[in-house]
Each structure stands twice: as C-alpha cells, then as structure tokens.
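Q: Each chain, written out:
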Amino acid sequence: QFQLVQSGGEVKKPGASVKVSCKASGYTFTNYGISWVRQAPGQGLEWVGWVSAHNGNTNYAQKVQGRVTMTTDTSTNTAYMELRSLRSDDTAVYYCARERGIAVRAFDIWGQGTMVIVSS
Amino acid sequence: EIVMTQSPATLSVSPGESATLSCRASQTVSSNLAWYQQKPGQAPRLLMSGASTRATGIPARFSGSGSGTEFTLTISSLQSEDFAIYYCQQYNNWPPWTFGQGTKVEIK
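Listed in order, the protein sequences are those of chains A and B.
FYI, my numbering numbers position 74 of the first sequence as 74, with every residue one higher than the one before it.
FYI, my numbering numbers position 38 of the second sequence as 1038, with every residue one higher than the one before it.
Extracted from the complex, chain A is given alone in its bound form (with noise of 0.2 Å):
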C-alpha cells in the first residue's frame, strides 16, 4: 500500500535548525513530486514548498525561502526538510505528501505529521 512515515516529533530552541524526514514506500519514488505542507496549532493548512523526487528541483513558499531546504534519497525513496534559525511561528505538524500527478498536482498520500515545537 502506498505510505509516508516520518520522523518523530521534535522540540527546538529559537534560532536552531531541524531536520524532518518522510520515507516513502509502495510507489516508484522518483516518479512523484513531494510537498511538505504545515499546520499552527489550531490552524489551517499552509504550503512550505516542493521537491521532484525525479531530478531534485524544488520551490518554496516566500515566507521560508533562505530557511529552508528541501532534498529526496532516492536510494531510501526519502524526503527531507530541512528548516533553519527556528522561530517560534514555526511551531506546527508538518506534513509530506504525494503530489498525484503533474497534470494532477493534489496530495493524494500524506504522512502522519511531524510536531514540531519551537521553544525557549
């Protein structure tokens, strides 16, 4: 069946950088692009940005970009996000999920979610 399963929950301090992976299984991982989508507490969804597991390219939302880095293992049909100098609105679940197609850009797998707690 096709799945994503992340990384454990982690807590950081203001200014520091974390680490999130999401490891695919039961697809062709390179054939599908990833988008990592995030969730304040009580809050809606908010896109953070995309990464081709087919060639490595990706795109990011404004509010992240130079923060942020998105990269794929295609030897462990693995994503990463990479989030550095840690603030305290970064706090939220952050989420992987397939993009269906690229005709079709919808998420149509998610992960479980990553909590991520940013906290002096």
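Note that these hints are calculated values from the structure, not bench results.
The structure displayed is predicted, hence computed values, not measured ones.
Honestly, I wouldn't trust all of these hints.
To be verified - Restricting the straight-line Cα-Cα distance to at most 25 Å, the calculated cross-link-like pairs of lysine to aspartate or glutamate (DMTMM-like) are: (1) B:Lys1104 to B:Glu1070; (2) B:Lys1104 to A:Glu46; (3) B:Lys1039 to A:Asp108; (4) B:Lys1039 to B:Asp1082; (5) A:Lys12 to A:Asp89; (6) A:Lys63 to B:Glu1106; (7) B:Lys1039 to A:Asp89; (8) B:Lys1104 to A:Asp89; (9) B:Lys1039 to A:Glu46; (10) A:Lys63 to A:Glu99; (11) B:Lys1039 to B:Glu1106; (12) B:Lys1039 to A:Glu10; (13) B:Lys1039 to A:Glu99; (14) B:Lys1104 to A:Asp108; (15) A:Lys19 to A:Asp73.
Fit chain B to the known structure of chain A by using the hints.
A: Just chain B now, with coordinates in the frame of chain A:
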C-alpha cells in the same frame, strides 16, 4: 498569490441531511481545485481533485462542482464519519499552492 476563501466557517448539520460548502478563488484556477477532509489528530485526506473527480475510495455522497473562481462541495445524507473540517486547495498557480481556511462541519 491566489487567496482561497471558504464559507461558511462552521456548518451545523443533522445526520442524514446534506451539506453544501463553498470555496472562492481570488482569480481563476480553472478546474485545478482539490478538496480535503481532516479529522482531529489526523492528516488531511484527499476527497476530490479536478474540482469534481472523487479520489479513490471516496463515497458517492461526496460531489464537487465549479470552475474558474467558484466551487462547491456537497455531502448528501451526512454520516457520523463525515463530521470534520474540509479544506479547498488550488494547484493552478504557484508558488504557493494555497488552501482555504477550512469549513468545520459539526453535528447539529
């Protein structure tokens, strides 16, 4: 950036009744519109893409319509498992992909 606006914020519905959720885009997104369902403590689940195409395993009581800037998700004969928060999302212009703020469907 395309702003997605959902209405109402909360919809109170009795089981067995139908619910109509609206989503408006600040500029045209063609039919590049998805709907998601999210229950507490869970990841979102894709319900609909292309504005009206149900995702795999989604019951026929869920239907979507619209194109351009106005979209509707209709849930007919609400079941207990349908009470959740629903988000629309455009994937026509990026960055960024943008979501609506959500509509909570609650039991009346």
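Q: Going straight from one Cα to the other, do Lys12 (chain A) and Asp89 (chain A) come out at no more than 25 Å?
A: Satisfied, since the Cα-Cα distance of roughly 12 Å is no more than 25 Å.
Q: Is the straight-line distance between the alpha-carbon of Lys1104 (chain B) and that of Glu46 (chain A) 25 Å or less?
A: The hint holds at about 17 Å.
Q: Run the distance test for Lys63 (chain A) versus Glu99 (chain A): straight-line Cα separation, threshold 25 Å.
A: holds (21 Å)
Q: Below or equal to 25 Å on CA atoms is what counts here, so check Lys19 (chain A) against Asp73 (chain A).
A: holds (14 Å)
Q: Starting from Lys1104 (chain B), check that the Cα of Glu1070 (chain B) is at most 25 Å away, please.
A: holds (19 Å)
Q: Next pair to validate is Lys1039 (chain B) with Asp89 (chain A); report whether the Cα-Cα distance is within 25 Å.
A: Given that 25 Å is the threshold and the Cα spacing comes to 23 Å, the pair holds.
Q: Check the hint pairing Lys1039 (chain B) with Glu99 (chain A) against an upper bound of 25 Å on the C-alpha distance.
A: Cα-Cα ~21 Å, so holds.
Q: Tell me if the straight-line CA distance from Lys1039 (chain B) to Asp108 (chain A) falls inside 25 Å.
A: holds (16 Å)
Q: Check whether the Cα positions of Lys1039 (chain B) and Asp1082 (chain B) lie no farther apart than 25 Å.
A: holds (9 Å)
Q: Check the hint pairing Lys1104 (chain B) with Asp89 (chain A) against an upper bound of 25 Å on the C-alpha distance.
A: holds (24 Å)
Q: Checking one constraint from the list: CA of Lys1039 (chain B) to CA of Glu46 (chain A), max 25 Å. Satisfied?
A: Given pair Lys1039 (chain B), Glu46 (chain A) holds - Cα atoms ~17 Å apart, limit 25 Å.
Q: When you check the alpha-carbon spacing of Lys1104 (chain B) and Asp108 (chain A), does it fall within 25 Å?
A: The given pair, whose Cα atoms are some 21 Å apart, holds under the 25 Å limit.
When held up to the earlier numbered hints, the structure conflicts with hint 6 and nothing else.
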